[in-house]
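First to last, the protein sequences are chains A and B. Residue 340 in our numbering is what sits at position 340 of the first sequence, and the numbering runs on without skipping anything. Throughout, our numbering is defined as the position within the second sequence, counted from one, plus 1000.
No wet-lab data here; the hints were simulated from the structure. This structure is a prediction, so every number in the text was calculated from the model and none was measured. No false leads were slipped in.
Here are the simulated lysine to aspartate or glutamate pairs, EDC-like style, with alpha carbons at most 16 Å apart: (1) 1096/B <-> 1203/B; (2) 65/A <-> 179/A; (3) 1063/B <-> 30/A; (4) 102/A <-> 1035/B; (5) 1066/B <-> 29/A; (6) 1034/B <-> 122/A; (7) 1066/B <-> 30/A; (8) 1063/B <-> 23/A; (9) 130/A <-> 1346/B; (10) 1207/B <-> 1239/B; (11) 333/A <-> 1080/B.
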Amino acid sequence: MDVIILSPLENVIIEKLAEIVGEQFISTDDADLVSYSSDFMIDVFLKPDVVILPENTPQIAAIVKLANENSIAITPRGAGTATHGGSIAQGGILLDLTRMNKIKELDPISMIATVEPGVVYEDLNRITGKSGLWFPIEPPSGAVCTAGGMVGNNASGLMALKYGTTKDYVLALEVVLADGSIIKTGKSVLKSSSGYDLVHLFVGSEGTLGIITEITLRLIPKPMHLSTAFASFPSLNGLNDAMNAIYEIRRVLTPAGIELIDLQTQKAINEVEKEKLVPEVEILVIFEIHEFSAAGLEDQKDLIEGVARKHNCNEIHWAKDDEERDRMWKARKAATVVSVRSRTSTLLGDLIVPIKHVPAIIRFIQEVAREKDLLISIVGHAADGNIHYLIPFNQNESKKAFDAGDAIVYKTIELGGSITAEHGVGLEKIKYMELEHGESLSLMRAIKKILDPKGIMNPGKIFPAEKQ
Amino acid sequence: MNNEKQFPNLSNMRDRIIECVKCAFCKADCVISKELLWESASPRGKMLLLRGLLDGFGTLTEKTIKSLYNCTFCGECVKDCLAGISLEDVFLAIRKDLFNLSQENKLSESAIIHKVDMLCQRLQENYNPLGNLPEERTIWELGQDIKLPRTAEIVYFVGCMPAYYRKSARTTSQILKALNANFTTLGSSERCCGSLSFFLGDEKTTKELAHYNITRIKESGAKKVVTSCPGCFSMLKREYPKILGKKSEFEVMHISELLIEFLEKDQLHCKSELNLSVMYHDPCELTHFDIYEQPRRILKEIPGIKLLENSENATPTCCGGGGGLMSLDVNLSTKIAKRRLETALDLGAEALITCCPACIAAFTSAAMEYNMPIKIIDLLDLVLQSLENKIEN
Chain A
1 MDVIILSPLE NVIIEKLAEI VGEQFISTDD ADLVSYSSDF MIDVFLKPDV VILPENTPQI
61 AAIVKLANEN SIAITPRGAG TATHGGSIAQ GGILLDLTRM NKIKELDPIS MIATVEPGVV
121 YEDLNRITGK SGLWFPIEPP SGAVCTAGGM VGNNASGLMA LKYGTTKDYV LALEVVLADG
181 SIIKTGKSVL KSSSGYDLVH LFVGSEGTLG IITEITLRLI PKPMHLSTAF ASFPSLNGLN
241 DAMNAIYEIR RVLTPAGIEL IDLQTQKAIN EVEKEKLVPE VEILVIFEIH EFSAAGLEDQ
301 KDLIEGVARK HNCNEIHWAK DDEERDRMWK ARKAATVVSV RSRTSTLLGD LIVPIKHVPA
361 IIRFIQEVAR EKDLLISIVG HAADGNIHYL IPFNQNESKK AFDAGDAIVY KTIELGGSIT
421 AEHGVGLEKI KYMELEHGES LSLMRAIKKI LDPKGIMNPG KIFPAEKQ
Chain B
1001 MNNEKQFPNL SNMRDRIIEC VKCAFCKADC VISKELLWES ASPRGKMLLL RGLLDGFGTL
1061 TEKTIKSLYN CTFCGECVKD CLAGISLEDV FLAIRKDLFN LSQENKLSES AIIHKVDMLC
1121 QRLQENYNPL GNLPEERTIW ELGQDIKLPR TAEIVYFVGC MPAYYRKSAR TTSQILKALN
1181 ANFTTLGSSE RCCGSLSFFL GDEKTTKELA HYNITRIKES GAKKVVTSCP GCFSMLKREY
1241 PKILGKKSEF EVMHISELLI EFLEKDQLHC KSELNLSVMY HDPCELTHFD IYEQPRRILK
1301 EIPGIKLLEN SENATPTCCG GGGGLMSLDV NLSTKIAKRR LETALDLGAE ALITCCPACI
1361 AAFTSAAMEY NMPIKIIDLL DLVLQSLENK IEN
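When you get a sec, could you build the whole thing from the sequences and use the hints?
Spelled out as structure tokens, the structure:
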């Protein structure tokens, strides 16, 4: 895709942009260019030419129209909590959507909410919670990540096993297309078989097809009874024990979440927190269960405990109260951060394999770590096949770290998996797109070309450069 | 390009800056970030600015400088940081470097640095950051029936705002007197605790003030120092030993802790009924010492007080006045205070109660500016009202 980026932007364009949003909400100051130059984890620092905080859809439409007329790249961004560089921009306009943070409608009868893209996930649930309703994705970054970012990346989280991912809740969207026109697609209804499903074309498109300016979400009742447990699988065969327990449990009930943490990550968590937040065992599994009755919760606990113990779990500890439950999840949320503190760079993987291959891919990662003499931490949503691996490295180790990352991705594809389950492609995983998608990547390119002929929407993301 | 020589204090923090994986969890409870929205206002954005300064991909623009002073040091980012980074130490380090650069006239173009210089100069000249005359420091004693001994078991370290705004100092001393506490003050010998110069990066002034005040306290013979200002409390309890490199020879307490001692000895009796629905606001500098329960326990002792709490209130959030922000950007500080008052009003509170003169100033200013129907009351005023009636009875 040929992209013409005017860099630096001509002053006349800046002035027009300022007229659209007001001087207060546009900046070319280096303080803003630098502070938007990166996102979570990735060691890439790119400066846009200008940062804009729009307030509403008409402003975005006017900005995009101007950008399209002048072939200026435009990159949308939520809270910048994705991990692959999808929301950073080399030149052009960076559109920070966090100012558009209104909940436009909450319909507790239909159990539907319509929100602007900058609404923070937990803020939304605080409001819907007053009606007993819930948007149940629970990404670890829920305290800061935005609805728009979640839709853009098709984010998921800690409860995907039971509740699915963001795409399962998006009913309708308002999108500003690359020519500045505004479309509404989907309806505030729970199902529709009317034509192509454009809503889900935009979900996970990472801002490459248009700017999502309004999201209609399906909500569900929030369960009244919750519990969380740490289950320890201590033997050297702990991985197989844990996965066998998980397979058996999944056949009879669906816990809200099942997480797996390896020993290395457990140690890192305890080191940072300066208290023993998690037990240190070969494999630690976190079970999260939700029910609408206390009796149902107890039944689930009994079943999980029985199966886990059958598979050599030597201790299963259920949280005594909400405070302990919060502490347990704090430990899990810290897992991706604490494992990488001591190195200058990190490679974070987000692979997903068919669930039966989880032990195989984890063993493969461990083998790669041994072979390359790297410390690779493993945490993941074990029961849906989504495994995160973290390879922290110093500059002199970068080649072997990237070689290790490549090897793990190739194995993932070989096992029938996908290179990214919930983080998106961004900049970092572009190199694997052809490998995963083969010919269907051409169809993706064709769709992109129809919707964004000049290639101004988040250029350089998702698609590898076309071969000449 | 590497700028380590220009920013020596910041360079010492390089490892912590690199440890930041930019997860942005620090934004969740940052009042500045919520108010301004720009990434440069968030703790993560500031960490990126600092990395940019050290590694040469960022420049020191006026907005960069302003961003680095847009911080109340409430400490919420530190609590939220999953990597366990003490962001406050990093933000203090750059302020020290900026202050030192300003002393070499290297940042003379910067309006914000000019303001910082002015505030620190005022402090150096008058020994208080308010611009009042040093000899007026004991003006609060006028009309008070208090004859304080030269030496006593307890020194009440009054602090600048209580002393010059008078009410808080008078209330505290009246309570101590009513409780028959063996106390005195440093009188006109007291100087600012140095909280403002500390947060503005003026190490020399802070150290001089710490040394001076510690000497005066030692002369008083006191074994215990009590403050009614959380800022003074934090400086005396945590920072002075660090600055002077030695342990305190006396115990430092906030007045709420001392009142609990009296309560537990059954010597604090709040009798008078004050019918009021209130939200208690936790001053940041008390939360840093885990002082949450003590003020609430005192409030619960006052008959008729209905203490309203909810999950949002349980997560402490800043008044917007700390870290020098009220002096540097009163508009921003007031907007932050307004948000907190909105939480109190949403809860149905008739009054917001706190026990920090800076918080009271920030909230009073916001309530007036935005015409908000809520009273701002010092916890000590409530205690005194309740005690006074008992005395009258």
